[in-house]
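Peer 1: So the sequences go chain by chain: C and X. Residue numbers 1 to 356, in our numbering, belong to the letters of the first sequence in order. Residue numbers 1 to 180, in our numbering, belong to the letters of the second sequence in order.
One or more hints might be untrue.
[Stated by the list, open to error] Residues from chain C that keep clear of chain X, each with C-beta distances beyond 12 angstroms, as calculated:
no., residue
1, V15
2, D16
3, T22
4, T112
5, P154
[Unchecked claim] Restraint-style ranges between C-beta atoms, simulated for each label pair:
no., chain 1, residue 1, chain 2, residue 2, range
6, X, C152, C, T219, 55 to 63 angstroms
7, C, D155, X, G30, 50 to 58 angstroms
8, X, T166, C, E28, 35 to 43 angstroms
9, X, P142, C, R245, 28 to 36 angstroms
10, C, E337, X, P142, 34 to 42 angstroms
11, X, G30, C, S281, 49 to 57 angstroms
12, C, R31, X, G30, 51 to 59 angstroms
13, C, N21, X, D117, 25 to 33 angstroms
14, X, D25, C, R181, 29 to 37 angstroms
15, X, A120, C, R31, 56 to 64 angstroms
[As the list claims (entries may be wrong)] Calculated Cβ distances over 12 angstroms to all of chain C for the following chain X residues:
no., residue
16, A39
17, G41
18, S45
19, Q53
20, R124
21, P126
22, I143
23, A144
Hint data in this document are derived by calculation from the structure and do not stem from the laboratory. The C-beta atom is built at its ideal place from N, Cα and C for all residues, glycine as well.
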Amino acid sequence: VNLDQLAADASRELVDAQNRNTVGRLAELKRTRNNRRIERLVAVVAVLVVIGGTGWLSSQGRESSGPVRPAHRSEGFHHVVAAGPDGAVVTSDGELAFVPQDAARFSELAFTADGGELVYQNKDHQIAAIDVGTGATRALGPCPSGFCDIALAPDGQRLASHGRRDGVPGLTITTISSGERTFLATPDVEAFFPAWSPDGDSLAFIGAEGLYTIGADGTGLRLLYQVDEPYHVSGTRLSWSPDGRAIAFMATAPFVDSVGQTAQTTFTVMTIGADGTNPQSLRDLGSCYCIGIAPPTLTWSPEGDLIAATSVVSNRNGSNARVGPTMLLRPDGSIAETVGDYLGSIYSLAWQPPPT
Amino acid sequence: VSELSPAETLSTHGRPGQPGSDGFDEFYLGELPRLVALARGLCASEIAEDVAQEAMLVAYRRWREVGSMQRPELWVRRTCANLATSQFRRRLIELRATAKLAGRRTPAPELSEPTGDFWAAVRRLPHRQAQAAALRFIYDMPIADIAVTLGCSEGTVKQHLSRARTALAAALGVTPGVDS
């Protein structure tokens, strides 16, 4: 017996000795892929909950103190604020201002439609609003769930957040004045980071398969944009354009080595029409081994001409990551300007509407 | 024999196509049986199906890119061969496979003793030699395709195969013959 004959026999037997239920294995593969996508999104959110609850990330900014400032600036000034681990606010002139002392480390931020108040989450897991002119605060009620991804409706009367009722995932809508809660079921889809449309009639949110929309009355659940592998939707806030015609979101893609193992993560600002058409990648915002770094986030300007987005900076191999400049992007993805190079992690951005 | 360079063979046709899995099902059904055999030749039979499935899962996740390659089967064979011989990644797959043993599908049929001995000897080879030998024997793959699959030169493949043949012949007590 020579080696070739032995190898031929051994190879033939090896190939013949396989289970032949390849159709069943194909179905199993697709189930596994979906399960892993869901696990991944849930894991991202869980990490954010841990971060928010424990302040695990190191704070590189200053201690928070004092009221929000500036309340208003001259016309044309970009009133961008960002919440970091120390509750700091970075303004477009590069100065640091601060959200209230009681702001949670990783609060979501939202201005009211008139720009007069900034809504945030405080350290007692309560939602509050601060008058940006006087510094007076008022309570809006408790966070509806452990993961307080609140979104303020344009009418200033309702808050949307991730929710679950009787084991069914969905969105919780809280009427601020009465505390009354309604539930929008999103069967089979965990709904995170809701964002109201400017007319308040619908919401966009992030789910395992991508970007979804649903009517504010709970009807019309739709997978607006399925993010195809290797891309994912980042677990960060969405933002509607002020005219309601487009949605901006953050896509992520793992850098994959030769055997498909994730090495580091890249972030890309994307927009898509509110009707699901014309998805566009605007700009890559960097890549990193993003442990200990809040993922980039974004918000549309009140005038709709710019998108503010944070970035990440790292070495070529993805190490030594930190938060990079906050960029103001034009619709074509070009940079209109950068607004400071805040050294702390930035978890949320808000853009103050011009004074009325 | 592939007439394409390695870069051309594993490169995509321009930009990846639209989202979807067009053609993946057919690719999967045609490629899986020998892919499992490749994995089984290179690692323990208990996890071979999972290794092959994991390689296919990566291909499925990246099908826009992989599906537009001129030879997607070479890409998935490379991924499978690397997974099967990487200690760390194989360990992860072992853990996953162990976790679902309770609902385990029917185990693969046992191999005869000579066949089992042969593949055990292959697995004892250095990783690159084992990969080259398995691709050669299971797929009857030309040297050029093995080079593309493993991402090395044809000369390196010939060297790996020559050393593998010598080592296998000695381990199994047969004449080495000459690779044709």
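Peer 1: Please go over all the hints and tell whether each is borne out by the structure.
Peer 2: Here is how each hint holds up against the structure:
1. V15: violated (5 angstroms)
2. D16: violated (8 angstroms)
3. T22: Non-interface label fails for C:T22: nearest chain X Cβ at 5 angstroms, not farther than 12 angstroms.
4. T112: holds (37 angstroms)
5. P154: holds (31 angstroms)
6. X:C152 to C:T219: 55 to 63 angstroms: holds (58 angstroms)
7. C:D155 to X:G30: 50 to 58 angstroms: holds (57 angstroms)
8. X:T166 to C:E28: 35 to 43 angstroms: holds (40 angstroms)
9. X:P142 to C:R245: 28 to 36 angstroms: violated (55 angstroms)
10. C:E337 to X:P142: 34 to 42 angstroms: Violated - the Cβ-Cβ distance for C:E337 and X:P142, about 57 angstroms, lies outside 34 to 42 angstroms.
11. X:G30 to C:S281: 49 to 57 angstroms: Violated - the Cβ-Cβ distance for X:G30 and C:S281, about 33 angstroms, lies outside 49 to 57 angstroms.
12. C:R31 to X:G30: 51 to 59 angstroms: violated (21 angstroms)
13. C:N21 to X:D117: 25 to 33 angstroms: 28 angstroms Cβ-Cβ, so the 25 to 33 angstroms window holds.
14. X:D25 to C:R181: 29 to 37 angstroms: At roughly 44 angstroms between Cβ atoms, C:R181 and X:D25 fall outside 29 to 37 angstroms, so the hint is violated.
15. X:A120 to C:R31: 56 to 64 angstroms: violated (33 angstroms)
16. A39: violated (10 angstroms)
17. G41: Per Cβ check, X:G41 is inside 12 angstroms of chain C; nearest 6 angstroms; violated.
18. S45: Nearest chain C Cβ is 9 angstroms from X:S45, so the label is violated.
19. Q53: Per Cβ check, X:Q53 is inside 12 angstroms of chain C; nearest 6 angstroms; violated.
20. R124: holds (14 angstroms)
21. P126: holds (17 angstroms)
22. I143: About 15 angstroms separates X:I143 from the closest Cβ of chain C, which puts it past 12 angstroms; holds.
23. A144: holds (19 angstroms)
In the structure shown, a violation is registered for the earlier hints numbered 1, 2, 3, 9, 10, 11, 12, 14, 15, 16, 17, 18 and 19, in ascending order.
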